[in-house]
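**Q** Chains as they are written, first to last, in my numbering: chain A, 318 to 586; chain B, 82 to 330; chain C, 2 to 278.
Since the hints were derived computationally from the structure, they do not count as laboratory data.
What you are looking at is a predicted structure, and each value in this text was computed from that prediction instead of being measured.
By construction, the Cβ of each residue, glycine as well, lies at the ideal position given by its N, Cα and C atoms.
Cβ-Cβ distance ranges computed for the label pairs, FRET-style:
(1) B/W180 with A/S397: 27 to 33 Å
(2) C/R230 with A/G375: 24 to 30 Å
(3) A/R533 with C/G118: 51 to 57 Å
(4) C/S151 with A/A398: 29 to 35 Å
(5) C/R78 with A/A398: 30 to 36 Å
(6) C/P156 with A/A467: 50 to 56 Å
Stretch-level coverage of chain A by chain C, calculated; a stretch enters the list once three of its residues show a Cβ under 8 Å from a Cβ in chain C:
(7) 344-356
(8) 398-412
(9) 415-422
(10) 516-523
(11) 526-533
(12) 552-566
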Amino acid sequence: MAWLTDPLGAEFMQRALLEVALLAVPAGLLGTWVVLRRLAFFTHAAGSATFPGLVVAGPWGIPAQVAAFGAGLLYAGGLSALVRRARIAPDAATGLLLVAALAGGTILASDVYEAGAGVDRLLFGTLLGLDDADLAVSGAVAALALAASAALGRAWLAAGFDPAAARPLGVRAGATDSALLLAVAVAVVAVLPAVGALLVGTLLVVPAATARLLGRSVREVQLVAVLLALAEGVGGLLLAYHLDLPPGPAVAVLAGGAFAVAAATAVRR
Amino acid sequence: MSAVRAEHLAAGYRPGEPVLRDVEFAAEPGQTVAVLAPNGGGKTTLFRTLLGELTPMAGDFAVDGTVASVPQHDHARLDFPVTALDVALMGAYGRTPWWRRIARADRDAARDALDRGGLAAEAGRRYGALSGGQRRRATIARAIVQDARVLLLDEPFAGVDRASEERILAVLDELASEGRTLLVATHDVEQSRRWSRVLCLNRRQIAFGAPEETLTAPTLAQTYGDELVVLREPRMGLTIQHHDDRGEA
Amino acid sequence: MTLRDRALLEAVLLGAACGPLSVWLLAFRHAFAAESLSHAMLPGLAVAAAAGAPLLLGGAGGVLAAALLVALAARDRRIGGDTAIAVTVTALFGLGALLAIDARTPLADLLFGDLLGVTDADLIAAAVLAVAIPLALAAGHRALTAVAFSPAAAPALGIAPARTEAALLVLLAAAIVVAVQGLGNLLVLALLVAPGVAARAGGALRARLLIAAAVGAGSGALGVVASDRLGTAAGASVALVLVAAALIASGARTGGGGTPAAPAVRRSPIEALADRA
Numbered sequence: 318m319a320w321l322t323d324p325l326g327a328e329f330m331q332r333a334l335l336e337v338a339l340l341a342v343p344a345g346l347l348g349t350w351v352v353l354r355r356l357a358f359f360t361h362a363a364g365s366a367t368f369p370g371l372v373v374a375g376p377w378g379i380p381a382q383v384a385a386f387g388a389g390l391l392y393a394g395g396l397s398a399l400v401r402r403a404r405i406a407p408d409a410a411t412g413l414l415l416v417a418a419l420a421g422g423t424i425l426a427s428d429v430y431e432a433g434a435g436v437d438r439l440l441f442g443t444l445l446g447l448d449d450a451d452l453a454v455s456g457a458v459a460a461l462a463l464a465a466s467a468a469l470g471r472a473w474l475a476a477g478f479d480p481a482a483a484r485p486l487g488v489r490a491g492a493t494d495s496a497l498l499l500a501v502a503v504a505v506v507a508v509l510p511a512v513g514a515l516l517v518g519t520l521l522v523v524p525a526a527t528a529r530l531l532g533r534s535v536r537e538v539q540l541v542a543v544l545l546a547l548a549e550g551v552g553g554l555l556l557a558y559h560l561d562l563p564p565g566p567a568v569a570v571l572a573g574g575a576f577a578v579a580a581a582t583a584v585r586r
Numbered sequence: 082m083s084a085v086r087a088e089h090l091a092a093g094y095r096p097g098e099p100v101l102r103d104v105e106f107a108a109e110p111g112q113t114v115a116v117l118a119p120n121g122g123g124k125t126t127l128f129r130t131l132l133g134e135l136t137p138m139a140g141d142f143a144v145d146g147t148v149a150s151v152p153q154h155d156h157a158r159l160d161f162p163v164t165a166l167d168v169a170l171m172g173a174y175g176r177t178p179w180w181r182r183i184a185r186a187d188r189d190a191a192r193d194a195l196d197r198g199g200l201a202a203e204a205g206r207r208y209g210a211l212s213g214g215q216r217r218r219a220t221i222a223r224a225i226v227q228d229a230r231v232l233l234l235d236e237p238f239a240g241v242d243r244a245s246e247e248r249i250l251a252v253l254d255e256l257a258s259e260g261r262t263l264l265v266a267t268h269d270v271e272q273s274r275r276w277s278r279v280l281c282l283n284r285r286q287i288a289f290g291a292p293e294e295t296l297t298a299p300t301l302a303q304t305y306g307d308e309l310v311v312l313r314e315p316r317m318g319l320t321i322q323h324h325d326d327r328g329e330a
Numbered sequence: 002m003t004l005r006d007r008a009l010l011e012a013v014l015l016g017a018a019c020g021p022l023s024v025w026l027l028a029f030r031h032a033f034a035a036e037s038l039s040h041a042m043l044p045g046l047a048v049a050a051a052a053g054a055p056l057l058l059g060g061a062g063g064v065l066a067a068a069l070l071v072a073l074a075a076r077d078r079r080i081g082g083d084t085a086i087a088v089t090v091t092a093l094f095g096l097g098a099l100l101a102i103d104a105r106t107p108l109a110d111l112l113f114g115d116l117l118g119v120t121d122a123d124l125i126a127a128a129v130l131a132v133a134i135p136l137a138l139a140a141g142h143r144a145l146t147a148v149a150f151s152p153a154a155a156p157a158l159g160i161a162p163a164r165t166e167a168a169l170l171v172l173l174a175a176a177i178v179v180a181v182q183g184l185g186n187l188l189v190l191a192l193l194v195a196p197g198v199a200a201r202a203g204g205a206l207r208a209r210l211l212i213a214a215a216v217g218a219g220s221g222a223l224g225v226v227a228s229d230r231l232g233t234a235a236g237a238s239v240a241l242v243l244v245a246a247a248l249i250a251s252g253a254r255t256g257g258g259g260t261p262a263a264p265a266v267r268r269s270p271i272e273a274l275a276d277r278a
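Please model the entire structure based on the sequences and the hints provided.
**A** Next up, the structure:
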């Protein structure tokens, strides 16, 4: 029992657990839509794209979330321009932008701002080193995820299920889908402090993907995804605490393991 | 006030290159219009234009009321976690504001619509697990829930088993008798004789009118060209079925 | 040779080798596979680094494991191959980060490469790659062309599309294993995508293959020289030059000004994203 209660004594652990609990909401609610609407790789790439923003936030005196969001917007805009104007295939364009963001970020980090040592934390998260701003953002995004999912879930369902039929049904897919992309971008920014730029999928993709194998309706998938994200987050934190591991990667491996088990054993639904 | 009206309508996918021209017809409430066209003849283009997906390149069209689409190929995501009832319910999405839950009346309407198509027992089954004919009927149920004035059905009988075909025909007749207007794209020339009007297309409008006047040998020849096989005794015209998965454009 | 000269040589060799390969990867729409394989191999590198074994070995094991898992994941119909691959990449990234804790080589070097620390073995491997890949591509040119541009006709010519694609992926794996030492597993993607994109303006296929090799090698050289002058990380500099070359060449291709015609069919942004054409 001490194994469980010891960590709860430390203040940094309490914050971490609160963060995980708050983030489980967008992880489950929006993550389900990420998986259903085939946005997994977009989300993963968007996470990596925020890296340069995170690097310059400190030196430029901007809040990390704002800088990260700005970098994300640049990525989205760049992707749109490359695909529409330069006619580069979406996956190649994503690759180019991803690499540019990571290369640019590392040069900014080690050669311009000499924050070299901190790069690991930006890439893999600082779940055990959160401040009040991080928790506040997570709370806000949890609320946003609830509201958006309730208000726009039907539109997202219709547009995803049968895009050609959405318009005749009176669903304004252009606007609601843009809102989904925006919501995902905001969620990406929210999970950065916890899992880092390279592991946003740990919360926003993997639990929902696992839940997708287990749930039979959208509601079910969302519920299971929230619970899984919570369990994996807490489990990863405890492992990190006791075995002195970086928490973000620990959660990622737990989540991956859960997915593998579900994939191997779940009945075809 | 016609239910569907087109005037000098032209549409296409590349600027300056219409794949369909000179479409001019008017359909009244309660009428079923058979749309005959060879593959690549423009019927899917016409439907997409009437649905608002494609902007006309020339001319104009008007639809009085909501339009529902029953597409030919299932471009729907068959892996989605939605039941037949969920799909039928989508017909109510347009009239439910985002802050409200789906009304109880709409839920009942969805069950009724499924029942009309003989799918009452399948309401709780996953859409992707249904047979082709059952999925077609579920999509028609969606259009019924939408309470659409105009329904565009793109080859609703293609790849559908006999039982489903009978069911669908019955439902279509019911819908027309309710005052709705149906445009049914079909390759079955004989079937089109039972309906009020026929519209023949082959990259442009060849003819529009009552079946007796429209389904003449010359008109059919212009519509189908080489695809037409005419048997002299009894007087019948057949077309060769093309099960072309790519569809148009 | 100075460290900078060795880095320069490595970069040029890698660029020349991966350039033509990049053209084919784009033609076969394998950018996604390149992304996933190169990122998912991290655990292999980490294990080698932790055990003090040569990174080439770890890289090979990592890519093999990654390829197997990604192939398994891609076959899952229930959640879509793309999602399954994203799950695999995320989990393996995490695993790699965990395994790299006790590594002799710092994680940053595994991720971003250590161009200035290339060993003789790395240089030899790069030289072999720079010869082997163009040779292999030349030998398979007919098959590759057939499968990429007229897949329906290929079997009639006695060419098996599946085997050709598999062979291409094997070349991809080899390129990743060798190039990872110089650019790291996060940035190696630049070598595999940018030259092909830059060479699109080249017209005929053979011309594009040559242009891509030149762009690859040239960007490699320019990147190392720039990093030396500006004091920036070598691998990252090469990656940025590669991407810049691709973007500039693409900008020139659309021929300044002239917005593309709006698509005739209205689509939502998510549908446009999903269109891998």
